[in-house]
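Listed below are the residues making up each chain.
Protein chains: 2
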Amino acid sequence: MEDFELSGNLDLAQNFVDSIKSGRFLFSFVISYTETSEIPGITFAGADKDSIQFTPPADAEYLHYGYCKTIDKIPMTPDGKPTPGILTKTALESASISHLTINAGSKITPQLPFIESGLPFGKNISVEDAMSDSIVSRAVEYGQILGRSLASLTDCLMIGECIPGGTTTALALLKALDFDAKVSSSIPDNPVELKNQIVSSALERIDSEHPYSIVAKIGDPMIPFVAGMLCSASSVSKVMLAGGTQMAAVLAFASKIGFNEENTAIGTTSYITNDKSANFSELVQDIADIPIISVDPGMKNSKFSGLKAFSEGFAKEGVGAGGSIISSMIKTGNNSETFLNLVEKEYQRLFT
Amino acid sequence: MEDFELSGNLDLAQNFVDSIKSGRFLFSFVISYTETSEIPGITFAGADKDSIQFTPPADAEYLHYGYCKTIDKIPMTPDGKPTPGILTKTALESASISHLTINAGSKITPQLPFIESGLPFGKNISVEDAMSDSIVSRAVEYGQILGRSLASLTDCLMIGECIPGGTTTALALLKALDFDAKVSSSIPDNPVELKNQIVSSALERIDSEHPYSIVAKIGDPMIPFVAGMLCSASSVSKVMLAGGTQMAAVLAFASKIGFNEENTAIGTTSYITNDKSANFSELVQDIADIPIISVDPGMKNSKFSGLKAFSEGFAKEGVGAGGSIISSMIKTGNNSETFLNLVEKEYQRLFT
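One line per chain: the protein sequences are A and B, in this order. Residue numbering for the first sequence follows this note's numbering, starting at 12 and increasing by one per position. Residue numbering for the second sequence follows this note's numbering, starting at 12 and increasing by one per position.
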């Protein structure tokens, strides 16, 4: 476990890792969408403005097929750096961990069987409410239903997400719930000013302290849905929120509706926990007394610039990469060197 | 196990039952639709003509919530006899077996999270092809994807279905594949002549021996989808096809694309295996060398006429009732007397 760094509740962290070692894992991949992602300069999760909406289904397709159906190539940044899904796919496959895709408001549905929640996508929070209160209620309720079902089928339910623009809605929710959040970004030169400006104008619309009303006004559909999943699933099995900033927002909202801290951990990459422009570990500890498991995916040693880029701040996290790598290493005993090797093979398969 | 009757491959039957005793079960409920159900007199799966299309989602909702959202009451026959889902729900709940709903061409989607295949509903085979060959290919492919995923999460994957009018499309497929089928019905006075007439006109359109082409012309979307599930799932875990005639049709189609017989069983009620107007056990043995497990749900001893009706030929099977009862009894050790008791409680909850 030399490649892991544990923080937060350390007793629970060791217990969490020990208790899932010999168990079954299931990776659930929640795709969603917020029109906030259409604000120029807010996200790199897509080769250009028009392709951002295809990133969530394309990531799901890539995880499953090894190629995409909705778009020609795998999702990448405007300058061609690949989706963190490449880390997730390698992690899950090398450990034979199965996965299911869940649509919680993606604008485009993926071309594979997926779990449908029937939720609409979120609106642009810089100009209007993300969704209605009743959509939030349904997101929480359906998340709870699904979380219970999936948790009963596994010993450790991992939940990852893909929602371009989601760090901005996450930041808004965290601020609205009074957490001192400085969030990470898919862009190395984190567009903090732009995000803060959007968040400020969104926060002005808040007129109630009810968490459902708050997330309806300034959040996105992924947040209440995954919080609902966590809430029910953590009463049945271990749950690993696989992600960075967005999962901190899920945790913040879930802390308002209640969940079992003893069965919950957040798993992410060291690119998130070491991000100086953000304050991830402090933020999570501020929200909940749960373990934070961080893994160094080892990409700084890659011979490919497209992989090295992850260690340089591009798409530091996403598609549940960190949590998937952690679970994969726990299950297989692989270290980051072996993992890098496998990722490089997958990279070569894709790009040469 | 005194309430079970084993037939077909008896060695495999005992092995099947023994190997799932201490394992995990998952019930997958596949809902679908064929416009063939709109032919007057063909099905009792709905209180009237207009409500037939709501029966599949309503059964899914009832299984989950204990009440329906899409319609006011639970699905029933025109004269008020309840859905066999009442048996399924009682069986699954009493054994804490979790379930997932899968939409494989239902006209109406259920109001709960479900797995979406994106398949269209089937057309009326008395007048036109049920679907295109490419839809059949997608049904098989998506079924395979899902079957693999679900089987990896359990030791015994049960597959049940709800497709009103489905015994007619099942009959057509069985005849087209040259099996001597006399199929059961949701109606005690099985409208055999009407069914045979529909089937004859449908068979005339067949112009190829390719099984994909045949099922496209005279089947329904459920058949290739569930066959795809069986095909991949049976290489990973035990699979119990929970149903009667429709599952015989699935088995017939699956035998053309290949599946693992050693991991497969068909589980149904004695109301099906004892149905003199049909020839279920012979038919299944003709198709595949697998175990047939039949259970007497014990409804003939019920004090409620609505439950007694199941033993009198109304909705002899459906919503995977037989297979669910079998799995439930294997897991809990309950016999049919205890089971009847539990069903009567559920019946009282619903109707008094």
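Certain hints may be false.
Put simply, identical chains are the same to the list, so a pair is met inside one copy or across any two.
Here are the simulated DSBU-like pairs of lysine-lysine, each with C-alpha atoms no more than 35 Å apart in a straight line [said to hold, decoys possible]: (1) K60 / K32; (2) K314 / K267; (3) K118 / K356; (4) K80 / K356; (5) K92 / K193; (6) K267 / K80; (7) K134 / K32; (8) K319 / K193; (9) K134 / K314; (10) K186 / K356; (11) K118 / K134; (12) K80 / K118; (13) K267 / K311; (14) K118 / K193.
No lab work stands behind these hints: they were computed from the structure.
Original post:
Taking each numbered hint in turn, which are not upheld by the structure, reported in ascending numerical order?
Top reply: Structure breaks hints 1, 2, 7, 9, 10, 13.
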